[in-house]
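Dock chain B against chain A, hints included.
One-letter residues, chain by chain:
Protein chains: 2
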Amino acid sequence: MSNKFLAIAIATTLAGGVSIAQITPPAIIEDFKPSELNQPGQEYPQVNSQGYARFKIIAPSADSVRVSLGLGGRGGTKLKQLADSSWVGTTEGPMDEGFHYYNVRIDGGKFNDPGTLNFYGSTRWESGIEIPAHDQDFYALKAVPHGKVEQILFPSASTNTSRRAFVYTPPGYNNNTKKRYPVLYLQHGWGEDETAWSNQGHANLIMDNLIAEGKTEPFIIVMTYGITNNARFGKIREFKVDTFQTVLIDELIPYVDANFRTIAKPSHRAMAGLSMGGMETHTITLNKPDVFSYYSLLSGGTYTPEEIKDKSKVKLIFLSCGSKEKPEGVKNAVTALKAGGINAVSYISENTAHEFLTWRRSLHELAPLLFKN
Amino acid sequence: MSNKFLAIAIATTLAGGVSIAQITPPAIIEDFKPSELNQPGQEYPQVNSQGYARFKIIAPSADSVRVSLGLGGRGGTKLKQLADSSWVGTTEGPMDEGFHYYNVRIDGGKFNDPGTLNFYGSTRWESGIEIPAHDQDFYALKAVPHGKVEQILFPSASTNTSRRAFVYTPPGYNNNTKKRYPVLYLQHGWGEDETAWSNQGHANLIMDNLIAEGKTEPFIIVMTYGITNNARFGKIREFKVDTFQTVLIDELIPYVDANFRTIAKPSHRAMAGLSMGGMETHTITLNKPDVFSYYSLLSGGTYTPEEIKDKSKVKLIFLSCGSKEKPEGVKNAVTALKAGGINAVSYISENTAHEFLTWRRSLHELAPLLFKN
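Protein chains in written order, with this note's numbering: chain A, 1187 to 1559; chain B, 1187 to 1559.
Quick caveat, the hints were computed from the structure, so don't treat them as lab data.
Since copy identity is lost for identical chains, a pair holds within one copy or between any two.
With a cut-off of at most 20 Å between alpha-carbon atoms, the simulated SDA-like pairs for lysine to any residue come out as follows: (1) K1334 - Y1359; (2) K1328 - S1344; (3) K1334 - E1437; (4) K1296 - Q1267; (5) K1474 - A1450; (6) K1510 - I1534; (7) K1426 - P1226; (8) K1426 - G1227; (9) K1328 - T1345; (10) K1296 - D1270; (11) K1334 - T1347; (12) K1364 - R1447; (13) K1334 - T1381; (14) K1328 - N1445; (15) K1242 - Q1225; (16) K1334 - A1444; (17) K1517 - I1528.
So here's chain A without its partners, still in its complex pose (with noise of 0.2 Å):
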């Protein structure tokens, strides 16, 4: 892992990501409504038309409310105690669209929301809020067929437990009982979990609306928790990649073969990861070039020609970022990689940082790039 994707990964997620997308801002709109990752029935946070998040808590007798929200590393949105002793504040800006994590500062300690769902990321279960994306249609939840996405615990020897994982199988899986299907292992990022693609990622929904749109080939993809070693929590440093490697290649893959209907040939399967996960991914299939032939790093690093020893191995390397991020750092990749006769290709999500927006768009545009060749 360079010093470069660490110093990126860890300013990008501690900052949790936002950046205000104009320094002017406009006049605020009064069309606020509640975002749609609050829990049941919970009025705030709400977002409005610009793309503003507008927080409210009830702490009655607090000294101060902060939100992590709205400028990034420089203390996020200060609460304001109205005349029924709530707290409300706005953002300062409009924030990127997508999916942000926040937390909230009561009186020096760090809370979360009560008014929405959580989701892990930075090491703990964080608050999260949507800003509806203008091209949100493709993660929707639509009348489609969907397909299932499974707990499953599967036996590890090397870390003496049952590891789990979620496996999202496509629309039709349970009926067509003589089809096989390609698997993609996908990862996570620091401070996620396995539960991250298919929480705040929308993977399943995403591959059901384009399975149901003729747009990609069906198949399998497996979400697993890749931190396997003692790294304390939050200690990205202490992270080491082989004993996770242990886990994927000689436990969960065999598993996943042996127990879902895949086709378990390097050809037809694939690995993919967002920044940390991105780094396991650009080791683990270099380790190991006759288990995958698709490569896939969103916002997470770059391959070089030099480092792939047998092209005839690897039928494609995606790579991509968000536009806020370094996107030329991707496309010079891309560039040199086919330069090197490999299949290369990039993808720069316009208008979004280190997020899951970024990482929600790339899986779409990935999907239909893979077992095709």
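Below, chain B alone, put in the same frame as chain A:
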């Protein structure tokens, strides 16, 4: 729904269902360990070998911090601020074994404990703590073959959306592709949702362990959200069962029978529910005697012999509750049902109240009795 049921459900649910096992507390043994439901890496809350819980909350400039657990309706446990500015407190006495929901009051606002995982109860995602039960082995994660918990999205014309359910399929389901299975439809309680039985209920682990011991026939369990009308959240009196009955009978069951290898006959279909889910089970099984043959109410009321119009269609009625609820009501109902010629079984969970250890144990007792005759 009887007023008595309502009163019990509301009183025990709102109080967190927690009671103190002893009035004169013994000396506290200082062997506290992190609760098994803590978020990764979190040291607090802690539980000792006597069942005391100790909480620690960081909120340096707060005026008051209180945890809802410890004294039921009497205000819970007040934390005290230590010299390091953290807030710490221990329950006044030992708590009942098993799972408890709770929340934290900080300066008058209701939040979750950042140390714990959250569980949907009381119509919100709440903090959870587990007091290790002497019989916890029956729901422990063991090195046995594991079934899967699948999230499905099924089309619901009556509510004009895709609705979520979780489906437990037993070990071997994917490999024995000829075998068909009976199905238990299993409902959560008021304020909970379709996540309850597999999260705090451990239904999947209870089944995996029973199947590994040869104590139950493998069967499928289907868990969905039991509130489908527009009852405002938290307003149990607005709840109506008829719209849920339509979803269950006309939409979910046909979907499950079409997409899983079920034995699609009333003789191989059971319905059970806890608390409000028991009320639903009571109403729907009586309304639809040609759909289910096995009925079970867990802390969720009783049947009278007069309610059963055709005894030949009822293979089993299983009624249960905690010994701290109204066990005589359950026992007397079963005596009357038996006298009326109905195969009825009662189960009383010792030293538990209207909480999930009662229901974990009830499922553990119920499963071996299902689909036997």
